[in-house]
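Protein sequence lines, in the order shown, are assigned to chains D and V. Just so it is clear: in the first sequence, position 81 is 81 by my numbering, and no numbers are missing. Just so it is clear: in the second sequence, position 443 is 443 by my numbering, and no numbers are missing.
Just so you know, the hints here were simulated from the structure itself, not pulled from any lab data. Hints may contain errors.
[What the hints assert, rightly or not] Quick list of in silico lysine-lysine cross-link-like pairs, BS3-like style, CA-CA up to 27 Å:
| hint | chain 1 | residue 1 | chain 2 | residue 2 |
| --- | --- | --- | --- | --- |
| 1 | V | K875 | V | K911 |
| 2 | V | K128 | V | K54 |
| 3 | D | K9 | V | K960 |
| 4 | V | K727 | D | K134 |
| 5 | V | K262 | V | K79 |
| 6 | D | K43 | V | K727 |
| 7 | D | K134 | V | K262 |
| 8 | V | K156 | V | K266 |
| 9 | D | K43 | V | K271 |
| 10 | V | K229 | V | K240 |
| 11 | D | K134 | V | K54 |
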Amino acid sequence: MAGYDVSIKALENCGFLDLRGGEDVRQICNKHLNIALPTRANKLEKASSGAIAFCISPNHWLLQVADGEQLNILQSLEYLSASVSHSFVDVSDLYARIQLSGPESREVLAQGVSIDIHPRVFPSGSTARTGMAKTTAQIHYVNESPTYDILVFSSFRQHILDWLSLAAANDSNSLLT
Amino acid sequence: MNKQAFRTNSGGRIDRDQPLTFTFNGKRLRGYAGDTLSSALIANGISIIGRSFKYHRPRGIMSAGTEETNAFVQLFGNKEEPNVLATTLPLYEGLEARSVNAWPSVNFDLGGMTNFLHRFFPAGFYYKTFMWPHDRWDWYSWFIRKVAGWGAAPRKPARNRYEHRFHHCDVMIIGAGPAGLSAALAAGQSGARVLLVDNQSEAGGYLLGSSAKINSYPALSWVSEVVAKIDALPDVVRLKETSAIGYYDQNFITALQRRPDKIWLKERLWKIRAHQVILATGAIERPITFANNDRPGVMLTSAASHYCLRYGARPGRDAVVFTNNNGSYQHAIDLKDNGINIAAIIDTRPDPDATLVKEVTSKGIEVLIASQISKVIGTRRVSAVEVCALNDTSGQRRIICDLLLVSGGWNPTIHLHSQSGAKPVYDPDLATFIPGKSVQNEVSVGACRGQFALSVCLSDGLAAGHKAAKICGFDVEPQSASTCTIEPDINPMPIWEVPLPKKSSRAFLDFNNDVTSKDIRLAEREGYRSIELIKRYTTAGMGIDQGKTGNVNIIGLMAQITSTTPGAIGTTTYRPAYSPVSFGAMAGADNSNLIIPWRRTPITDWFIKNGGHLDETGALFRRPLFIAKSGETADDAINREALAVRNGVGIYDGSPLGKISIKGTDAVTFLDRVYTNSWGELPIGRCKFGYMLHEDGRLLDDGVTARLAEDHYLMSTGSGVASVVQKHLERLLHCDWPDLDVYLTPVTDQWAVICVCGPLARNVMRAAEISIDISPDAFKFLDTKYCRVASIDVRVSRITYTGEMSFEIVVASRHGLELWEALIAAGKGFDITPVGSDTSMLLRTEKAFIAAGLEGDGYANIYDVGMGWLVPNGKGDFVGKRSTTRDLNKGGPRPEVVGLLTDDSSFVPPKGTPLIDADRNMIGMVTIGFHSPNIDRSIALAQLSGGRSRLGETVTLFTKEKQYFAKVCEPVFIDPAGLRMRD
């Protein structure tokens with residue numbers, strides 16, 4: 001179906017860990033994961049392993065790893081952090097990943113995301129947790145092709161897929177029931 | 001097909017090589033690409049475009065822009081749309097338009113009878129007439145609705161779609177006239193992100209209909225050059241045919257774009273956040289109020305010039321200009337140069353600019369100073385005007401003409417400035433309102449701040465563009481402004497109403513709603529002083545055009561009547577939208593099933609395929625109310641499912657239940673504080689039921705919390721209140737108990753929850769090869785254990801929402817459907833029955849399991865719902881504790897939850913049915929009622945004042961149809977001892 005020049009696809013599951021704790025926890029995680037957990041919300045850091053740490057809010061991170069790695073990491077971090085205040089929760093199934101890519105991705109995304117996604121403000125590698133199509137999403141500007149990875153609570157996965165399809169389409173009536 | 005008799009032989013910005021065919025009121029006509037519908041109609045000599053709202057007077061085109069007050073049409077064909085402005089609608093091949101508010105035709109309109117009866121339709125006619133008989137309003141309204149309104153709503157869905165778009169910029173410029181273009185170029189060249197919006201199909205603003213020169217060349221050459229430079233800048237977005245319609249807080253602006261860049265789009269609504277806003281919205285020429293000033297052929301002077309110069313369309317052949325300012329003289333010259341005979345300029349001023357007078361006189365145009373038009377002759381088209389001296393109306397001179405051009409001065413377009421929260425101020429020199437002090441990051445430039453000279457517009461825009469960009473951090477050396485034609489000040493002489501020649505004469509102020517100067521005078525005599533009240537009483541300024549041309553004249557006349565100044569009268573409040581917005585644009589693309597972001601569980605698709613009747617059941621989850629087999633009614637399905645759970649085995653998707661992970665060394669302390677009961681003794685691997693209260697003691701939520709590890713609990717909440725509970729708990733942690741070592745993580749979507757329930761549930765679990773011993777002694781009620789079911793890692797709990805033996809299986813969402821299908825397969829031999837949420841509600845009603853959102857109706861406390869046993873004596877503090885200790889919250893007249901058995905066992909009391917006593921006082925209400933197939937009669941739960949003290953009594957249920965009687969009973973209808981669930 002013609003419309004905006006974009007591609008929309010649901011991505012395979014990833015491992016996700018919800019990490020909470022103070023500076024001591026951050027240091028433990030940094031050392032163990034070989035990553036520098038960002039200290040400001042809406043920032044991310046990537047590890048050479050491919051892991052991505054999103055800062056959700058102060059002392060709160062979302063760690064994205066390859067699916068299957070999350071439980072080992074969780075157990076290791078639990079062991080290393082036994083003496084400090086922390087919370088590590090496996091949330092691998094809490095999030096669904098959807099990828100929006102193509103030359104007109106920004107035009108489609110801007111239909112439902114109210115934050116400024118101009119590359120000058122939101123360059124490649126940026127992230128933000130924000131409202132999208134009446135729900136909440138973690139937007140990750142992956143590369144300048146442009147490609148956006150969108151994390152949403154898994155119960156909203158189909159809604160966001162439908163919404164993106166509608167936003168990108170040239171004939172809304174064919175998509176609506 | 002008619003020749004375009006009023007088209008000039010050359011000139012204009014139309015493409016004469018691209019003729020277009022269109023129809024108006026069924027008549028085939030021709031125009032050119034680049035025309036608007038109005039310019040094409042003018043070129044074809046069509047003078048009556050529509051009929052007025054109240055008196056059905058014939059009306060023609062008055063302006064050339066969004067201020068148009070008469071020329072609304074209904075579009076047909078593929079682009080069906082009501083009330084489209086002919087003055088802004090670009091002509092296209094095959095356009096089909098009709099007049100509105102006229103029957104049977106615009107040339108012979110039966111509604112015109114109201115014009116002859118106008119004496120009986122004064123201001124406030126509705127309020128005065130339809131008050132009696134007092135009970136006949138419905139009857140009146142039927143007729144009023146028949147005659148009210150303009151166009152008709154489209155009968156078919158729009159073929160093209162609508163879209164919303166968020167946009168951010170450093171500098172937003174509204175208006176692409178000389179000031180706006182200058183500002184955009186200055187800001188854009190600095191490197192700032194600039195958005196330039198303009199409501200016309202091409203940039204240039206009033207220069208499109210002007211003979212002015214810039215840098216010694218026609219101004220439009222300058223426009224082309226600047227537009228080319230702007231369009232070449234990478235971070236400048238220029239939108240044409242885009243009206244800024246609303247200005248809100250924090251420089252949030254909405255703009256409606258017609259015919260956007262994508263052919264499948266009809267309109268796009270932009271939602272813009274700008275750091276700095278430059279308003280270059282120009283000014284609107286205002287008419288003059290005199291007798292019959294609404295006749296077709298009466299037009300704003302600048303509009304006539306615009307049609308002639310921009311479109312090559314002559315609005316008439318012989319024109320008279322009626323003005324009170326210098327601005328009209330150049331227009332008269334331009335029109336004369338383009339073939340329109342200017343019979344005379346009637347200037348109200350005794351001393352107009354001598355140079356201008358000399359210039360027009362040299363062109364053979366007569367100038368009558370200190371004069372006025374007392375009356376227009378002609379009904380369907382101006383045929384002559386009567387002119388008299390300003391202070392002596394006795395000597396009338398009649399001038400033959402077919403076009404009367406009026407200019408009562410200029411009103412800066414201050415709408416957006418005012419919407420931003422700023423207050424306009426009255427400028428007596430300009431006899432109009434100009435922008436006041438800005439309250440947001442905005443500035444008005446050029447004509448919209450009362451600076452009408454082209455030279456000032458150019459320099460104003462340049463300076464504002466540079467300054468705005470500098471504020472945003474982009475500072476480059478400003479360019480010098482272009483040189484241009486020097487124009488005199490407009491120097492208007494206010495004239496708010498020309499005295500009416502006869503008692504029956506009418507002069508119109510608000511053409512759109514047919515409000516006359518007499519209406520304003522009548523309103524004043526009836527005691528209306530506030531301009532806001534006058535507006536609402538007379539409907540002045542309340543039409544589609546929102547008084548763009550009429551409002552200042554109304555304010556001026558009111559000031560004249562009350563011997564004060566227009567500034568003292570003030571303006572009405574300017575509100576969005578500046579120009580009409582379609583419902584489609586407001587709705588955007590995400591209509592229909594995307595209006596609400598429905599959530600799905602991993603099993604939703606299975607229900608859709610297998611007869612599930614889905615509905616929203618809380619927190620935006622759509623769940624099956626029941627799963628009907630072929631030919632079953634809803635009641636059939638619910639009864640079948642309920643019988644299966646009580647007598648065999650059912651399976652239920654509980655995934656929407658809210659789930660919050662609670663971790664930390666102070667987790668027990670936290671739970672003790674948020675629940676009424678104590679949590680210290682709960683062993684790992686056990687669950688406990690708890691009640692959570694608001695601080696004032698009202699029920700907030702109930703649910704089961706499982707202890708998964710030493711410092712790890714998983715709380716379940718009601719589906720619909722999961723986010724409410726989450727916020728409540730986070731607030732407590734952050735604001736009240738920041739010292740607690742507790743972390744909350746919402747994990748609702750992480751886990752799918754499947755409940756196998758009923759006497760045969762254990763058989764099914766074993767058939768599904770559960771990896772643990774689930775015998776009653778090994779796996780007790782409220783135990784929770786990690787294990788495997790159907791080779792999938794799960795956690796199983798012995799908790800119930802139905803009162804039956806139940807196994808609640810929690811599994812990672814990705815395995816939810818796989819596990820569900822495995823359990824269905826394992827239960828096949830036991831006739832396992834999928835159960836919907838309506839059935840689940842019935843089952844919990846049979847057991848009187850309290851629903852915080854039903855029996856706890858927002859007012860109930862824990863005693864009211866019979867759960868006072870969950871408030872242990874001597875427990876430490878918890879949220880809502882104080883309220884549980886107050887006597888007035890216990891017993892007495894407060895409602896308590898009871899059961900009801902109606903005398904007519906087939907009558908199911910609807911939710912909310914009032915319970916009344918012998919004196920017809922309301923003493924309670926039904927919270928839920930069902931037909932219970934398990935006891936084969938209706939049952940209900942109710943909140944009843946002093947409920948438990950009334951057990952055995954009979955109460956009356958009041959419905960619209962009749963009264964029913966019911967016996968008050970214990971609320972638990974099945975298995976009161978709770979043996980089944982503990983089996």
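Do the hints match the structure? See the list:
no., hint, verdict
1, K875(V) x K911(V), "violated (36 Å)"
2, K128(V) x K54(V), "holds (16 Å)"
3, K9(D) x K960(V), "violated (54 Å)"
4, K727(V) x K134(D), "holds (18 Å)"
5, K262(V) x K79(V), "holds (16 Å)"
6, K43(D) x K727(V), "holds (24 Å)"
7, K134(D) x K262(V), "holds (24 Å)"
8, K156(V) x K266(V), "holds (15 Å)"
9, K43(D) x K271(V), "holds (25 Å)"
10, K229(V) x K240(V), "holds (16 Å)"
11, K134(D) x K54(V), "violated (43 Å)"
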